[in-house]
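Take a look at the letters that make up each chain.
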Amino acid sequence: MSDFNVIILTHDTLNAIGLRSIFENSFGISAYIADEHYIDTFNTTKEPHLFFVDSLSLVANLGFFLPRRAKTVLLTNDHTPSDDFRTLCVNDNESDIINIINTFFTIGNEVEKNTTNSLSQREIEVLRLIAAGKINKEIAQELNISINTVLSHRKNLTSKLVIKSISGLTFYAMMNGIV
Amino acid sequence: MTLINKDTKLCDIILQEPSTITVLDRFGISLGVGDARISDACHEHDIDVNFFTTILNTYIEENYFPQTALLAFSASKIIEYLAKTNEYYEKNVIPNIERHFAFLINKTPSQNSNLVLMQQFFAEVKTELLQRIDDDRNKWFPTIALNEMKNIGKMPYPVKDTEDFNDPIEEKIDDLINMLIMHLKGEYDHNLGYAVITAIFSLKKDIKQNNRIRNRILMPISQALSCKL
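Chains A and B supply the protein sequences, listed in that same order. Residue 825 is where the first sequence starts when you use our numbering, and the numbers rise one by one after that. Residue 2 is where the second sequence starts when you use our numbering, and the numbers rise one by one after that.
It should be emphasised that the hints constitute simulated quantities derived from the structure, not laboratory data. There may be inaccurate statements among the hints.
[To be verified] What follows is a set of in silico ranges between Cβ atoms, one per label pair, in the way DEER data are often shown: (1) A/Asn867 with B/Glu99: 30 to 36 Å; (2) B/Lys92 with A/Ser879: 18 to 24 Å; (3) A/His903 with B/Lys78: 52 to 58 Å; (4) A/Gly852 with B/Gly187: 31 to 37 Å; (5) B/Phe202 with A/Asn829: 31 to 37 Å; (6) B/Asn167 with A/Gly1001: 53 to 59 Å; (7) A/Asn923 with B/Ala103: 16 to 22 Å; (8) A/Ile969 with B/Gln17: 48 to 54 Å; (9) B/Glu172 with A/Gly852: 28 to 34 Å; (10) A/Arg946 with B/Cys228: 46 to 52 Å; (11) B/Arg100 with A/Cys913: 42 to 48 Å; (12) B/Asp26 with A/Tyr856: 50 to 56 Å.
[Unchecked claim] In the DSS-like style, the derived pairs of lysine-lysine whose C-alpha atoms are separated by at most 30 Å in a straight line are: (13) B/Lys206 with A/Lys979; (14) B/Lys92 with A/Lys979; (15) A/Lys958 with A/Lys984; (16) B/Lys127 with A/Lys958; (17) A/Lys979 with B/Lys140; (18) A/Lys988 with B/Lys140; (19) B/Lys140 with B/Lys205; (20) B/Lys206 with B/Lys92; (21) A/Lys988 with B/Lys151; (22) B/Lys92 with B/Lys140; (23) B/Lys209 with A/Lys988.
Ideal placement from N, C-alpha and C gives every residue a C-beta, glycine not left out.
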């Protein structure tokens, strides 16, 4: 578990330090306490496995955490459930907190494999051709795949990026250096 | 919200659904409504009560389909309402979003090119919306008005239900909102960013609600009128 990467982002210093020490003592993982510039300078090549954030940081960076909701844990002061995020109550006793964190490891790994928002190489190729104005038939010919496969890539693109229109996809491709 | 009728107070409608302020405005009713009921206000402004409540209910209530009431309306009244809606987009909403975007970009570090691309995407949405407004003004609305003239005395005409269809403009605005929420990167002025996104959200809401009036009221009347000829 030593390569497991945990980020803690909270305005409450004592919570952050406490959580880090639980990770070190009980899991042998060194968690990183992030400062307010962390998100701005975020490097996508090193995606952490779990984020622990307080509600203020979450709301301030919703655009960052929503796509990563599968691996984001909201730090709360009570047991009010959240619709979108898993929660960890900072007022629980140590053994409860350790038990709850344990469940995050298994779920976090599973979810990451299944619903990661990053695009596959093939989807990126399809996106590049969509942005170049190609129709499905041309994309299929160019990539040597069936039209049904093109359609399924397009469906995945739309559900991962939540962008439906061709111009929306084109602008997304431009923003991410795909075209 | 329960359906609106002639005895509903205007202030209650606005309090429950503030976006109706713009709808009332298109009928010449401005803020400072006192405790007037719909019937009073319609009497004062010489508005058909049935028409007024149908427009408001269609605007507010997604599941409201105004089939039976349709026959009584003159197409020109609906055209007049939608033309005012278009004018509101053209003169207020679009320039407003553009202004917010310009402020935001102005305050954003130049290395953040993401926002500039989002602004270009909005420019594309704008072109498409203005094109539709132009088509309404110069093609669709005059054709309906002409057909209505030719059909005078032959009313009521048979009106068929139409189905709502996906509006490409609505779809693009949704995409733009999702891009701002999910894919924005780098530094930006948070306050101005919020102003941009709420302005786009309210445009999206208004277009969606007025599309119901286009699709559920004007479209079936327009089809019925052209069949008659």
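Now for the hints, and whether the structure bears them out:
A/Asn867 and B/Glu99 have their C-beta atoms about 34 Å apart, which keeps the hinted 30 to 36 Å range intact. In this structure the supplied range 18 to 24 Å is violated for B/Lys92 paired with A/Ser879, their Cβ-Cβ distance being about 40 Å. The supplied range of 52 to 58 Å is met by A/His903 and B/Lys78, whose beta-carbon atoms lie about 55 Å from each other. Evaluation of the 31 to 37 Å hint for A/Gly852 and B/Gly187 yields a pass: the beta carbon distance comes to about 35 Å.
Range check, B/Phe202 to A/Asn829: Cβ separation about 35 Å, and the 31 to 37 Å hint holds. At roughly 30 Å, the beta-carbon separation of B/Asn167 and A/Gly1001 lies outside the given 53 to 59 Å, and the hint is violated. Between A/Asn923 and B/Ala103 the beta carbon distance is about 52 Å. The supplied range of 16 to 22 Å is therefore violated. At about 52 Å, the CB distance of A/Ile969 to B/Gln17 agrees with the hint of 48 to 54 Å.
At about 49 Å, the beta-carbon gap between B/Glu172 and A/Gly852 misses the expected band of 28 to 34 Å. Hint check: A/Arg946 to B/Cys228, Cβ distance near 49 Å, so the stated range 46 to 52 Å holds. Taking the beta carbon of each, B/Arg100 and A/Cys913 are about 44 Å apart, inside 42 to 48 Å as hinted. At roughly 53 Å, the beta carbons of B/Asp26 and A/Tyr856 sit within the given window of 50 to 56 Å.
Of the pairs offered as hints, the one joining B/Lys206 and A/Lys979 holds, with about 26 Å between alpha carbons and a cut-off of 30 Å not exceeded. Under the criterion of a C-alpha separation no larger than 30 Å, the hint pairing B/Lys92 with A/Lys979 is inconsistent with the structure, at around 37 Å. Among the hinted pairs, A/Lys958 with A/Lys984 is consistent with the structure: their alpha-carbon atoms are about 21 Å apart, no more than 30 Å. Distance check on the hinted pair: B/Lys127 and A/Lys958 sit about 24 Å apart at the alpha-carbon level, within 30 Å; holds.
In summary, the hint linking A/Lys979 to B/Lys140 is not supported, as the alpha carbons are separated by about 36 Å, beyond the 30 Å threshold. Distance hint between A/Lys988 and B/Lys140 is fulfilled; the C-alpha atoms sit about 29 Å from each other, no more than 30 Å. Under the criterion of a C-alpha separation no larger than 30 Å, the hint pairing B/Lys140 with B/Lys205 is consistent with the structure, at around 24 Å. Of the supplied pair hints, the one linking B/Lys206 and B/Lys92 holds, its CA atoms being roughly 17 Å apart against a limit of 30 Å.
Using a Cα cut-off of 30 Å, the hinted pair A/Lys988 and B/Lys151 is violated, with the two alpha carbons roughly 42 Å apart. The suggested pairing of B/Lys92 with B/Lys140 holds, with an alpha-carbon distance near 20 Å, which does not exceed 30 Å. For the hint linking B/Lys209 to A/Lys988, the alpha-carbon distance of about 17 Å falls within 30 Å, and the restraint holds.
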